[in-house]
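Trainee: The residues making up each chain are set out below.
Protein chains: 2
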Amino acid sequence: MLFDFKLVETTHSKILTFETINPHIKKVEYAVRGELAIRAEEIKEEIAKNGPGKFGFETVVNCNIGNPQQLFQRSITFFRQVACLTEYPDLLLPENRNNVNTLFPLDAIERAQLLLKQIGSVGAYSHSQGIPYIRRNVAKFIEERDGYPSNPDNIFLTQGASVGVQSVLQLIIAHSNVGIMIPIPQYPLYSATLSLFDAKPVPYYLDEDENWSLDITQLTSSLATARDKGLDVRALVIINPGNPTGQCLTEQNMREIIDFCHQQHLVLLADEVYQTNIYQPAERPFHSFKKGMIGECGRRGGYYECTGIDKQVIDQLYKIASIGLCPNVSGQIMVDLMVRPPKRGDKSHPLYQKEINRIYESLRRRSLKLSSVFNSMEGVSCKDAQGSMYLFPRINLPPKAIKVAREVGKQPDEFYCLAMLNATGVCVVPGSGFHQEDGTWHFRSTFLPPEELFDGFCQRLEKFHKEFLAKYRD
Amino acid sequence: MLFDFKLVETTHSKILTFETINPHIKKVEYAVRGELAIRAEEIKEEIAKNGPGKFGFETVVNCNIGNPQQLFQRSITFFRQVACLTEYPDLLLPENRNNVNTLFPLDAIERAQLLLKQIGSVGAYSHSQGIPYIRRNVAKFIEERDGYPSNPDNIFLTQGASVGVQSVLQLIIAHSNVGIMIPIPQYPLYSATLSLFDAKPVPYYLDEDENWSLDITQLTSSLATARDKGLDVRALVIINPGNPTGQCLTEQNMREIIDFCHQQHLVLLADEVYQTNIYQPAERPFHSFKKGMIGECGRRGGYYECTGIDKQVIDQLYKIASIGLCPNVSGQIMVDLMVRPPKRGDKSHPLYQKEINRIYESLRRRSLKLSSVFNSMEGVSCKDAQGSMYLFPRINLPPKAIKVAREVGKQPDEFYCLAMLNATGVCVVPGSGFHQEDGTWHFRSTFLPPEELFDGFCQRLEKFHKEFLAKYRD
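Those protein sequences? They're chains A and B, same order as listed. For the first sequence, position 303 (counting from the first letter as 1) is numbered 303 according to UniProt numbering, and the numbering increases by one without interruption. For the second sequence, position 93 (counting from the first letter as 1) is numbered 93 according to UniProt numbering, and the numbering increases by one without interruption.
Please keep in mind that the hints were generated in silico from the structure rather than gathered at the bench.
Treat identical chains as interchangeable: a pair holds within one or across any two.
Calculated cross-link-like contacts (lysine-lysine; reagent style DSS-like; alpha-carbon spacing at most 25 Å):
#1 Lys6 to Lys311
#2 Lys200 to Lys27
#3 Lys26 to Lys200
#4 Lys410 to Lys311
#5 Lys117 to Lys44
#6 Lys49 to Lys117
If we strip away everything but chain A, and leave its shape as in the complex, we get:
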């Protein structure tokens, strides 16, 4: 049921003010959708209203969010055909089949029929943990991928990553002295959720000089320091491929991390959202089926799997899930498609394979091109992306720029990124939004702009950077 809900205040002296609301919410920082993103929206609206007139560019390019389809990456045809048919099952009635057989391949029709038989209607609530049939398919997918048994009872389908991550962290954070180890730099979902639930981040630093690798001695010393301070450190978060850094862990490194958790008595939270966008597959232990390339992020679909977690604890995770009733059913369908794409021999397989390859090769080309552009800029250094859809270049900002930034109350990297947005329309996220080693400055940029616009986009960045340096050089 769709709903209508009102939050109303009628008094002149407000009950809810910035001063009176939950202080943990005030402390939350979420740069990915922060000031830069808001300014980008303003510019877009102004261009839509009055044309590009006063700006030196015609469109805003959102490189601040990994949102492929916003930047015109095409969706996978088979996935959309099945989603379409499940939305309007009347198409499957005998009287419509002639027309429908012309528009849709038979395997998409059959998949839609199979899903509808299991689901009923995409407009009905499902099991709170996700449709059992789809969870079984996810478990099979994981088993085949990892060669390790997976139990559908321990899989939760959720409405996007944040819901899953927040439920799990909320469960672990039993009091305000709980510490959670997070990488620096990190995707701000983690730091934001720790602020929200009043836990203490225990940072460990990724080594930029070693391609943002994770060094176990870093983990050990960071944990020791936190425990010495009396923190109840309970869990370690790894993000692999890294976000914002795009690095991938080696198999050897993963084994060390699991040993570390075992020895140190830590729950491991492994965020492997982008595990199929791997651009150096030979060296990394991910399989190469590239299923993460489908870019259906607006669906808010996904899953998390519990391994070695007590049944009683899983029951509590189920209870949290049940308060939200169920994850949206269209998103669950997309999860099913992701774990069971067309197979070799299926009618839709050749097109599927072609579409996946095209996206993958294009992303790989764009990532190399953009990192080489960044590396050619004065004072900028950028590691090649090993995975995900992000680059995280480091910028040496001139002291004068840092001084001016501080004067206007901004972080120096934020100041640089705002100048970039105003000059070029390119919106990226300042490194400070992900935290970074003191005295270093970065920004995160996706490499998702469409290939045909890539040259123009790169030229605008180069021009801006030169002018910025010229303006603030001592």
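We have chain A already, so just place chain B on it with the hints.
Mentor: Only chain B this time, still in chain A's reference frame:
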């Protein structure tokens, strides 16, 4: 992007146990998806495997959740046509238009084109607060309905009611001494969320003898008691039409509630999810367009509107929303369709009107029939539903049944409902799951089973009730 996330423990002595997890989560009760619902799933699975053999019924009927399409309520054709076309925009290409024009009415095609122009792809992340175009349509809808201005900047599209309610409550609950006034009985989303965020429920009782009406003197005395105890009471929740009670507030009553909030310095949270399922429209101030009848609950769509809330506070709500990135786009599209259904003169209007009327009249008939069945049972009394999709009959349980229930560690109403489920396959929710006045027993049942099955369903209930009374009569 779809995601893959793992929660892993490797040690034998677990870090996460029932004893060590967040104690607030342990305290949460959520009966709507509790023991009864789990038992119902077990029976379903057993019937699917081994046939109905040992049960005295062939199917489980889920009257525990307002889930119309699970019980075969048909969806609105126009809504599904538009949703279908937005999923697979290739259908709108010139080469497909001949076939598509045969399958879809022109106004559905045009609406899909319009939405896609505004949205881009349903697979892309949108604005965290919801697609601006759709928020503008929601604001227009509210203005036309209420005759009171509505600002799209103050509207948040969300993934289902619980996400919206939880964000708002989390904001208000600044410390553990915050009190929130909730009706008793109440939909357990509220009590569960207050447990989760460690706030104190301040109950006010609805008057069953007066058709579950809300009495302002009850509010006043309940608030006074709570404030005397030193609670920082900040907000009043009303649910209208009531859930689980199905009552509707009169306009006079609504005005009193708003005055009460104004005088007592309270934020008003008005949950009006079911506002178009009103079966006594003449007496109640809802308009009669019945848009809530569409039953698309598996979408997880919806919105909340802030009125009189500080801009700075809304900015904080935006920040919370942005951590979840965005509500699922298909759900947002369904909100758009709900607030802009086919209008008189549109090609799809006659069918839309016919479908809505059919659902409405059928629900009304079923609600009257089921309440009359309940009222004919010995020791059961049930108010007619004024709105929503629930009945909340009161049962006088024999002392012996109460005694046996206590002996097996169950609430008496829970004991009765479990017996009902095992005997009839009908799953309802015990009144204790919604809280109720001490010493009274109820259960909540939807009246959603399909009309053609209604007689059999009612007979099973009557037979069970007689046998239950016979068994436990003194």
